[in-house]
Amino acid sequence: MIRLEKRPQPSRAFSLATPLLAVLATMFFGGLLFFALGKDPLASIQTIFWEPLFGEFSFFYRPQLLIKGAPLVLIAIGLSLGFKAGIWNIGAEGQYIMGALFGAGVGLAFYPVEGFYVFPLMVLAGAFGGWLWAMIPALLKVKFGTNEILVSLMLVYVAEQFLASMSLGLMKNPEGFGFPGSRNLQQYASAHNADLIAGTGMHWGVVAAMIAVIFAYVLLTKHRLGFAIRVTGEAPRAAKFSGVNPTRLVLICMGMSGLLAGLAGLFEVSGPAGQVTIDFNVGYGFTAIIVAFLGRLHPVGILLAGLLMALTYIGGDIAQSKLGLPAAAIQVFQGMLLFFLLALDMFTNYRLRLGRTEAA
Amino acid sequence: MDLSAINPILFIAGFLVAATPLIFAAIGELVTEKAGVLNLGVEGMMITGAICGFAIAVETGSPLMGFAAAAVGGALLSLLFAFLTQVTLANQVASGLALTLFGLGLSALLGQSYVGIKPPRLGDMNFGPLADIPVLGPILFTHDIILYLGFALVAATWAVLKFTRAGLILRAVGESHDAAHALGYKVVRIRTLAIMFGGACAGLGGAYISLIRVPQWTEGMTAGVGWIALALVVFASWKPWRLLLGAYLFGGITQLQLNLQGVGVAIPVEYLAMSPYLITIIVLVILSRDKSAAPACLGRTFHASS
Amino acid sequence: MTQTPLLDLSGLTKAYPGVVANDDVSLTIAPGEVHALLGENGAGKSTLVKMIYGLVKPDAGHMKMFGQPFTPTEPRAARAAGVGMVFQHFSLFDALSVAENIALGMENAPKMNALSQQIRAVSDTYGLPLSPDRVVGDLSAGERQRVEIIRCLLQEPKLLIMDEPTSVLTPQEVEILFKTLRKLSAEGTAILYISHKLEEIRALCDSATILRLGKVVGHCVPRETSARDMAEMMVGKLLQTPMRAGKTPGDVVLELKNLSARSPSAFGMPLRDISVCVQAGEVLGIGGVAGNGQDELLAALSGEMLTAPGMVSFKGRDVSLLGPTPRRSMGILSAPEERLGHAAAPDMSLTENAMLTAAARENLDRGGMLDWGAARIFAEKIIEIFDVRTPGPGNAARSLSGGNLQKFVIGREVLQRPDLLVVNQPTWGVDASAAAAIRQALLDLAENGTALVVISQDLDELMETSDRFAALNEGRLSPPRPAQGLTVDEIGLMMGGAHGMEVAHV
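Residue numbers (the working numbering), protein chains in the order written: chain A, 975 to 1334; chain B, 669 to 974; chain C, -4 to 501.
Worth flagging that the hints you see were computed from the coordinates, not collected in a lab.
Don't be surprised by glycine CBs; every beta carbon is placed ideally from N, CA and C.
Keep in mind that a hint or two might mislead.
[Said to hold, decoys possible] In silico contact screen, one side only, chain B against chain A (beta carbon under 10 Å); selected entries:
no., residue
1, G712
2, L744
3, T753
4, N759
5, V761
6, F770
7, M889
8, L928
9, G930
10, G932
11, A934
12, A941
13, H971
[Unchecked claim] Not everything, but these chain C residues come out facing chain B in the computed CB check (under 8 Å):
no., residue
14, S86
15, F88
16, R207
17, L208
[What the hints assert, rightly or not] In silico PhoX-like links for lysine-lysine, alpha-carbon gap of 20 Å or less:
no., chain 1, residue 1, chain 2, residue 2
18, B, K854, C, K52
19, C, K178, C, K153
20, C, K210, C, K178
21, A, K980, C, K174
22, C, K59, B, K830
23, C, K178, C, K59
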């Protein structure tokens, strides 16, 4: 019989190895899935992981990697701070939408005034929108002890309805011939989050994601607040004993993750997406949860995981058009990745022992 | 706006239907949580049940076969969660989220060729003359068997938890897994069974949406009902009868906002559609102050170390 | 011995990775015999009884019951064979009723009504008053123990195992328990009594087996053996009793005025109107049965739990509304009972655990940025001065043994030069030599003018360290009295006597 035995301390080697093992396991079982769907497994895996980076059209796909990776990293960094402390904001999708709506709202309000100040104001508004939406579950949690998981998630559905209302109503393009959706911000120079270097995909969101990674790294390793976050996650009572104020921590962690998700939404709506439409959000807020865990809640890990996940998005699109692989298959693929990661994570804290089991 | 266009009898009969998916999903989760396991994957299990039930009902032409398949599908998916949390001791919150994300993708994949099809209809139970009783007849006696099954399930769960030894053991495991282990109870086995029961119930609830309430298949059609079911368990303070009450309340609100949309109230559709979620939040706020009813080991990982 | 022994263990061995918990252990128990299993923490007592109770499988050796091979694979089998066990940490369910708890421990529980009848009958017969309908979470520690005992007695066991049963009882309650046990023994039930309290064993037990480091180091008849001899067998060497010099206490450091507060936890005990002063260089010992407000009192002093203004003052300044960090900066330090998860974060390194409470006073926090180098040096200092056995400060707290972690936790506070140190159960579950070292460190601190509050359930420890003694009972603190010359009876009464048990026992 095999049984689990708790390691005297967490294994560093396994902590690093599990994400890699999870990716390999996902490739294998994903391949089986693609095979079951009647596709060539090797070609599918190659299309997803190789084509975007080194294929014929990689010049087109590589910038996409930054464009898709940036929001994932930005959101996941925020989420990871809360997750580390045992604060579960899973409504990033809603905060992302609200950030986009607030930011785009400011931009659209200025239209057609051109000015250097328009975009910075939109950034502020976007951050504020996301922060505000995250503060609802945060305040309810600290004031009434309401479960932040459920509230933040409910607010995603509320935000989606709000988005629908905005893109069909208040923010609808008056010159849009009745089509739903706002003016295209890409055609409004002061509000457009354009590539900083044309054709690289390097827009302000990418810069913000990089800054967030560095900021989170310093916070978690060097700063009192980062230590408070880590202790709270490991041992809440010990954290309280050491002087951490749990209420403040909830507000800070939820606030930061909402702010970053809001920023991601703003950069997306003013850049790659261009306009507020009823379905401009594509689930980054949920995928970022996978990114956060895959990156082991570590800033550098999240950076890598975000890029990997962006790769599966792009590769999935290619596989969809080239091999006819259904879009949902990629969603399953991403879900699998999280499963394997969680399952393999066991080896960080436990080891397998062969031998007789103890009774019971 | 003409509120008189809403027929109160149809409205009440309608909200019993709207409440049924919630009843199934929430009673399953209640049992799971009573065993000390927090499974946030209800939404994923529901949507998987919705498509499994739909597909099998379409293929076999039998809605009841569909419901059976939905229960099996939900239970199988929940087994993944059980493996993660009970065998590999993964965090229950993260595993539940993973289950939901995975379930949403899986159902979309399975359901590709079922979009736009009408499923076979499950006929209403025949209560004979009872259905002809004025007012009460159309409200209570014009439904399909699954709706009554949902009601029976609540009653059965209440009775089992309160009066049987199996129920006592289940509650004990949720209260203190260490003490239960010390007395020789198989914590992991009991919890796995509870998780699978939760999965089967969620699957049934999902299938009720795709086969009866809507009835057709669209991606992501559960639209947060699984999450509302989770909230409902908190709302009910882990008590089956309160859960039933809560489900009717939410069913009523859902039905009311749909009816209001139908009669063209001056409130925009989007804001009406928000209302069930907003009301869920408000209810959670009101009821969150008292957590004493929660099973003491809820969400905690159990590892038998001797 | 002429009759067949009830239980006959021979050559039992059980090894865990890195440690042999039981090495060739043999002993026999006759029907009706009260047999003591004596040993320090970590001597292997728990492992041995877990094997008898079917929780752990021996690697080698045999067990026989009434001459028949006895190999329980699970507690159920052991119970069926007539073994009952009262755990040190009760395996009870707070939210369930007494009757439900008892039903869970039985193989074929009768219907609830019939069971309640049986519970009443047994509790009358053995003088253990208990109402079957009460919720266990509301019971006192002594009452909870009664639930466990009645649960065992309903199975009519032939062998009753009791693991450190008196650690949660007042001296008066201990007397009552002993009467129950003697009655059982007279009826032919054998009792395996685990303890490290020598006087108790001498008062109760017919024979004793002494374990040290997993091996049997001797058998004796306790009534004929001196406590000192047994202690020597148990520990293997003579222990130094901590030394202290007489001294005159200084200014008042801590003053509690009508301290009342609700417990933050659901089944906790509120603090009720506590007033007391502690002077510099003085040790105030606080006794009492577990669950009478000890955790809450520590939390009110450490700053984890804030109270109404004016209730807690330190050197004349009201600190009631200050959190743990400002209190630490002022010199109020504390060490809670629960080492893993409260005093220390289990999965974090010792360096990180040093940072946990020392950031303010050891200048490890510079404007929000943490100085990990200095934290490491401080952790190394604790490890060296307090002789903490660990490969280094990079190791996780949970990798340390209980005693070593306790030395680290106490050392961490002591080395920060506190003006007031509050400790709860400073030597709980710690082996004798580490316990002696910890007590000595506390006394040295008092010697240098620190005011100490030592909360403990170990009366010997309190008598050894305290200048004045007070007891917590139902969240109330008795007026403190000089520790010297206090009798066990007086202490017992301060702790609340027998909690109303005498009435039922007459």
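Can you confirm whether the C-alpha distance between K980 (chain A) and K174 (chain C) stays at or below 20 Å?
Roughly 42 Å separates the two Cα atoms, so the pair is violated.
Does L928 (chain B) meet its interface restraint, that is, does its C-beta lie within less than 10 Å of any C-beta in chain A?
The hint is violated - L928 (chain B) has no Cβ within 10 Å of chain A, the shortest such distance being about 14 Å.
Minimum beta-carbon distance criterion (10 Å), G932 (chain B) to chain A:
Since the shortest Cβ distance to chain A is 16 Å, the answer is violated.
Per the CB criterion, is G930 (chain B) less than 10 Å away from chain A?
violated (17 Å)
Holds or violated: H971 (chain B) as interface residue toward chain A, Cβ cutoff 10 Å?
With a closest approach of 7 Å, the H971 (chain B) hint holds.
Interface hint status, F88 (chain C) versus chain B (Cβ within 8 Å)
Constraint on F88 (chain C) satisfied, holds at 4 Å.
So if I understand the rule, the pair passes when the alpha-carbon distance is 20 Å or less; does K210 (chain C) with K178 (chain C) pass?
Distance ~31 Å between K210 (chain C) and K178 (chain C) Cα, so the pair is violated.
Given a cut of 10 Å on the nearest C-beta pair, is the interface hint for M889 (chain B) held or broken against chain A?
With Cβ-Cβ at 13 Å, over 10 Å, it is violated.
Minimum Cβ distance from A941 (chain B) to chain A below 10 Å?
Holds, about 5 Å.
Holds or violated: are the alpha carbons of K178 (chain C) and K59 (chain C) at most 20 Å from each other?
violated (25 Å)
Chain A contact restraint on V761 (chain B) - CB to CB distance below 10 Å:
holds (6 Å)
Holds or violated: is there a CB of chain A closer than 10 Å to the CB of A934 (chain B)?
violated (14 Å)
Checked against the numbered hints given earlier, this structure breaks hints 2, 7, 8, 9, 10, 11, 16, 17, 20, 21, 22 and 23; the rest are met.
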